[in-house]
Amino acid sequence: MRSYIIKRLLAAIPVLLGVTLLTFLISHAIPGDPAALIVGPKASKEAVEAIRIEHGLDKPLPIQYLRYMNGLLHGDLGQSIRNHRPVLRDLADFFPATLELTLASLFLCLAVGIPLGILAAVYRNRLADHITRIISVIGVSTPVFWLGLMLLLLLYRNLGWLPGSGRLDITSTAPPGITGLYTLDALLAGDLGLFWEALRHLILPAFCLSYVYLAVMTRIVRSSMIAALGQDYIITARAHGLSAGRIIFKHAFKNSLIPTITIAGLSFGELLGGAILTETIFSWPGMGKYVVDSITTLDFPAIMGFTLVASTAYVGINLCVDILYALLNPRIRY
Amino acid sequence: MGFETHQGPAHVLDRVSLAVQKGEILGLVGESGCGKSVLARSILRLIPSPPGVLLGGQILFGDQDLLKLSEKSMRALRGQQISMIFQEPMTSLNPVFTIGHQMREVVRTHKPMTKAQANAFCCSMLATVRLPDPDNVLQRYPHELSGGMLQRVMIALALACNPALLLADEPTTALDVTVQGQILAILSELATAQNLAVIFVTHDMGVVAQLCHRVAVMYAGQLVEEALVHDLFAQPAHPYTQGLIASIPGQTPGQLQTIPGSVPSALQPPSGCRFHPRCPKSTGHCALHTPQLLTVADQHKVACHQAHNRASV
Amino acid sequence: MPYLILASATKSTLPAWVRELGLTLRILSRNPSAVLGGMIIMTMAFLALAAPFIAPYDPIMLSLPDRLQSPGSAHFFGTDELGRDIFSRILYGARISLTIGLLVVGVAGITGSLIGAVAGYFGGVIDNVIMRCMDVILSFPALVLALSLAAAMGPSLVNAILATAVVMIPKFARLVRGEALAIREMPFVAASRVAGAGHLRIIFRHILPNCLNAAIVLATLTLGDAILIAASLSFIGLGAQPPTPEWGAMIASGRKFLMDQWWYATFPGLFILVTVIGFNIFGDAVRDVLDPRIRR
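Residue numbers (the numbering used here), protein chains in the order written: chain A, 1 to 334; chain B, 1 to 313; chain C, 1 to 296.
It is worth saying that the hints were derived from the structure and are not from the lab.
Computed from a predicted model, the values in this text were never measured in an experiment.
Hints are not guaranteed to be accurate.
[Said to hold, decoys possible] For lysine-lysine, the following DSSO-like pairs were computed, each having C-alpha atoms within a straight-line distance of at most 27 Å:
#1 A:K254 x A:K7
#2 A:K254 x B:K68
#3 B:K281 x A:K254
#4 B:K72 x B:K111
#5 B:K115 x B:K72
#6 B:K111 x B:K22
#7 B:K281 x B:K301
#8 A:K45 x A:K59
#9 A:K250 x B:K111
#10 B:K301 x A:K254
#11 A:K59 x A:K42
#12 B:K72 x B:K22
#13 B:K115 x B:K68
#14 B:K68 x B:K22
#15 B:K22 x B:K301
#16 A:K250 x B:K72
#17 B:K281 x A:K250
[Said to hold, decoys possible] Here are some, though not all, of the chain B residues that point toward chain A, as calculated from beta-carbon distances under 10 Å:
#18 R78
#19 L93
#20 Q102
Virtual Cβ for every residue (Gly too), placed ideally from N, Cα, C.
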C-alpha cells in the first residue's frame, strides 16, 4: 500500500509541473503586455517599464519560467495590485472560509445524494427514480449564481428564515481561530449561540453550492448501484438468505462506491468553480469572492494565484481519491 | 411460471412437476434456454418480479408451500434449509469482501455465533471441501483464488447450515474438466454424508451419468422424460432424450451427433408436442395434441405419443 | 441542429447518412425526453431568430422614465434600471446565448477532434505529448481555467467564448483519440495507405468522418455546459459587456436590484435554466440512441 501511495504521489509531480507551466503561459504569454497587467491599469509608462525589468519580463520565456518556478517554490505567488500584499498571504486568509463552505457542501451532497441515488436505483423506473431524475436534470442545468439569487429572494428576503450574507452577523466577532472554520471553532470555544449563528449563515450558500454537485452525485450513485445490483454475487447473497437491507447497503453499495468516488473526485472541480459564484452571491469572504473582486479591479496576479491554488487543490483531491480507490478495491495491484 | 417480456408474456415453465427425496441426486437436463435454471431459481423465489410473474402452482418443501410463505420466512429458509450453488464461481462472490467475511456473514445470519466461532466453523467447512490451508483462504479476496477453489468455497458455504435441499445450477460448466471431476466427487460425497436432496441442473449427460440417481429431461419449459439414471441411458423413451444421449461425444467413434434445429422461443412455443418440429419420428398427431407425462415403466415417465403407443398405456 | 448540417455536408456517403439520420430521428421521436428537449431547443431557436419581430421594444435603447417597472401588460417581465424592456432583452439574449453555445462547441469540437485524430492516428510520442497536454487542461477546474484565460485575454464576449472552448477541447480530443486508435487498425486504412494516401488524407478521409457520430453526440451533450460556463463568465464580468443583452450579464446587473425588483434577475436566469435543460435532456437522449459508449 505504501509503495502504491508513493507511486501515486510521484505521478502527481509531472501533472503539477504541467499546471504551473499552463498558469505561467496564461500569465506571461497570452496577455499583450504582462507587465501592464502586473502593475494594474492605472500605472504610468515608467512604472510598467520598471516592472518589466524587475520581473525579468524582457527575458526569453524559458528563463522567465525558471524565475516563476523559483518564486513558486519560495511561496511567492506575486503581489496583489489592490493592497500590495503577497497574494499567498491573501489566499491563506481567505482559504478557511472556502474550506468550510466546500466541506459543508460536500457533506450535504453525500448525505443527500447517496441515499437519493440508492433510492433511484432500487426503485428503478418507478416514481422515486423519475423524481430523482428530474431533480438531477434541473441540478446540472441550473446556473449556480442564479440559484443563489433565488434562494436569497425566497429564504432571506421573503421568508426571512436565514441570513443572506457573510459568515456571521456584522455585530458578531469571529470565534478564536483554531481551524478557521467558524462553526467548528465556535463549538471548540463552547459558544453554542455563535455556533448556531455561523451554521445559519452557512446553510444557504452550502445548499446553493451543493445542488449542482448533488445532481452529479445522484446520477453516478444510481447508475453504479444499478450495475452492482445486477451482478451474480447479489443473487448469491439472496440465495444465502441475507436481508434486502444488507444486500443493498452493504454488498451492492460498497461495490458501487468504487466508480462513484472516481467520478465524484473529477466533479470536485465543479464544486470549486461553483464556489467562486456562490461566494460572490452570498458575500462569503473566501477565495472565490476574492478572485471575483480581483477581476473587478483587474488584479491579475491575484487571479493567477487563485488559479494555481485552486487547481493544485483539485489535483490533490484527485490524488486522495486514487488512494481511496485502492483502499476500496482489493483488485488493485500495488 | 412465466415472464412478462417486451413482446408479451412468455411461459418459461409449463406444467413442470418434479419430486426429489432425501439422499437423492436428481439430474435436471436440457439444452440452454429450456428453463432449467429458471426452475432452480424459482424454487428459492429468486426470480425478480417484474419481469417474472408466477402464474400458478405449488412448490412443496416438506409440507410447506414455498409460494405461500412470507418474504421473511422465505429468507430464513434460504441458505438454511435450501441452498444453491451457481454456474460462475468467479462472479458469484462479492469481489470487495474477503472469503472469510462473506462466509461468516452467511453463517451468522442463520446461527447465533461469535465472530471467532464463525471463523473456526468456516475453517472446518473449507476443510470438508478439501481446500488446503483454509485459514489462509478465509483471508483472501475472490480474485485471488481459482475458479475450482471458488466453487469449493461456494459448496462449503451452501452446505454450512446443513440444508435439506441443495440446488446446483450447472456448477461445473465453467470449470476445467479435471477440476470438474474433483468438484463432482466432493459434491457426491457430501450429499451422501449429509443425506442431502440435490437438484443438479446441467446440460452435460456425461455428468448426469456419473453423479445422479434419477434424471428429469426438460424441453422448452416442459418435462419430457423422467427415469432412474440407469433406465434412462439404457432405454431412453423420448426422441429428444435419445438425441441428447446420442450427442454425447465419444460414443460413436469418428462422428459427432447433433439434434437438428434449435430451441424454440418461449414466446411462441410450437403447438402440440413442443419437440415435434425437430423430432425425427413426429407425425401429424404430434403437431396437434400435447402429450401427457405418463408412466411407461417402473419409475419411468415420458411425454411422447410414440412412446405411449409402444408401451400401450 | 449541428447534426443535420454536418450530416448533409458529407457528400460521398449521403444515402447512408440520410437513412441513418431518418432512423435516428424516428427513434428520437419516440423518446419523450428527446421530444421535450427538442421542443425546448426549437422554441428557443425560434425566439432567437424571430426576436426582431416578436420583441415589443428595442433591447438597447434607454427609456429612463420607464425604469424598474414591475411586470405587467406593458412590460411582460418588467424593465431594468435604464428603462429597457426585459422581455425584449431576453429575446435578443437568446440569439447571443445560442450563438455562444454553438460557437464554443464548434471551436472546441473541431479543434479537439483534430488534436485527438492526430494523437490517435500517429500514436507513440506524439500521442503521449498531446494527451499529457490535455491532461494538464483537465487538471484545472473548468470554470477556474476559463476565468483566468478570459482574464488574461481581457474581458470581452469573444474572449469568453474562446476561453470556454479551450476548456472543452480535451473532452473532444480524448473521445476522438479513442475512436482514432480503433479506426487506424481497420483494413480500409491499411488499404488506403498501401494505395499511397498520405497521413493528412487518411486523417481527413477516414479517421475524422468515422469519429463524426461520437463527436456529434458529445457536442450535443456539451452545449448546455458551454452555455452555463459562458454565462458564468459574463456574470463575473469577463464576458459580454453592457449594453449587450446577454443573460448572465443581465443577471449580474439585476443582482443589485434583487431585494426590491425581483423580476430583473429572475427572468433571464429562468431562460438559461430552461435552455440548458433542453440541451441536456436532448443530449442525453441522443447519446442513448446513437452512442451508448459515451458516459458523462
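Evaluated hints:
As the CA atoms of K254 (chain A) and K7 (chain A) are separated by approximately 25 Å, the hinted pair is consistent with the 27 Å bound. Between K254 (chain A) and K68 (chain B), the direct Cα distance comes to roughly 33 Å. Violation of the 27 Å bound is thereby established for this hinted pair. At roughly 56 Å between alpha-carbon atoms, K281 (chain B) and K254 (chain A) are farther apart than 27 Å, so this suggested pair is violated. Restraint check for K72 (chain B) and K111 (chain B): satisfied, since their Cα atoms lie roughly 16 Å apart, inside the 27 Å limit.
Pair hint K115 (chain B) plus K72 (chain B) holds up; C-alpha atoms about 24 Å apart against a cutoff of 27 Å. With a C-alpha separation of about 23 Å, the suggested pair K111 (chain B) and K22 (chain B) falls inside the 27 Å cut-off, and the hint holds. With a CA separation close to 19 Å, the supplied pair K281 (chain B) and K301 (chain B) stays within the 27 Å bound. A C-alpha spacing of about 19 Å is found between K45 (chain A) and K59 (chain A), which places the hinted pair at or below 27 Å, so the restraint holds.
Simply put, K250 (chain A) and K111 (chain B) have alpha-carbon atoms about 20 Å apart, close enough for the 27 Å limit, and the pair holds. Between the alpha carbons of K301 (chain B) and K254 (chain A) the distance comes to roughly 49 Å, so the proposed pair goes past 27 Å and is violated. The suggested pairing of K59 (chain A) with K42 (chain A) holds, with an alpha-carbon distance near 24 Å, which does not exceed 27 Å. Of the pairs offered as hints, the one joining K72 (chain B) and K22 (chain B) holds, with about 25 Å between alpha carbons and a cut-off of 27 Å not exceeded.
For the given pair, K115 (chain B) sits about 34 Å from K68 (chain B) by alpha-carbon distance, which is inconsistent with the 27 Å threshold. At most 27 Å may separate the alpha-carbon atoms for a hinted pair to count; K68 (chain B) and K22 (chain B) meet this at roughly 23 Å. Note on K22 (chain B) and K301 (chain B): the hinted pairing holds, with a Cα-Cα distance of about 21 Å set against a maximum of 27 Å. Distance hint between K250 (chain A) and K72 (chain B) is fulfilled; the C-alpha atoms sit about 19 Å from each other, no more than 27 Å.
Between K281 (chain B) and K250 (chain A) the CA atoms are separated by roughly 55 Å; this puts the pair beyond 27 Å, and the hint is violated. For R78 (chain B), the shortest C-beta to C-beta distance to chain A is roughly 4 Å, which falls under 10 Å, so the interface hint holds. A least Cβ separation of about 6 Å between L93 (chain B) and chain A falls short of the 10 Å threshold, and the interface hint therefore holds. For Q102 (chain B), the interface hint holds, the least distance from its beta-carbon to any beta-carbon of chain A being 8 Å, beneath 10 Å.
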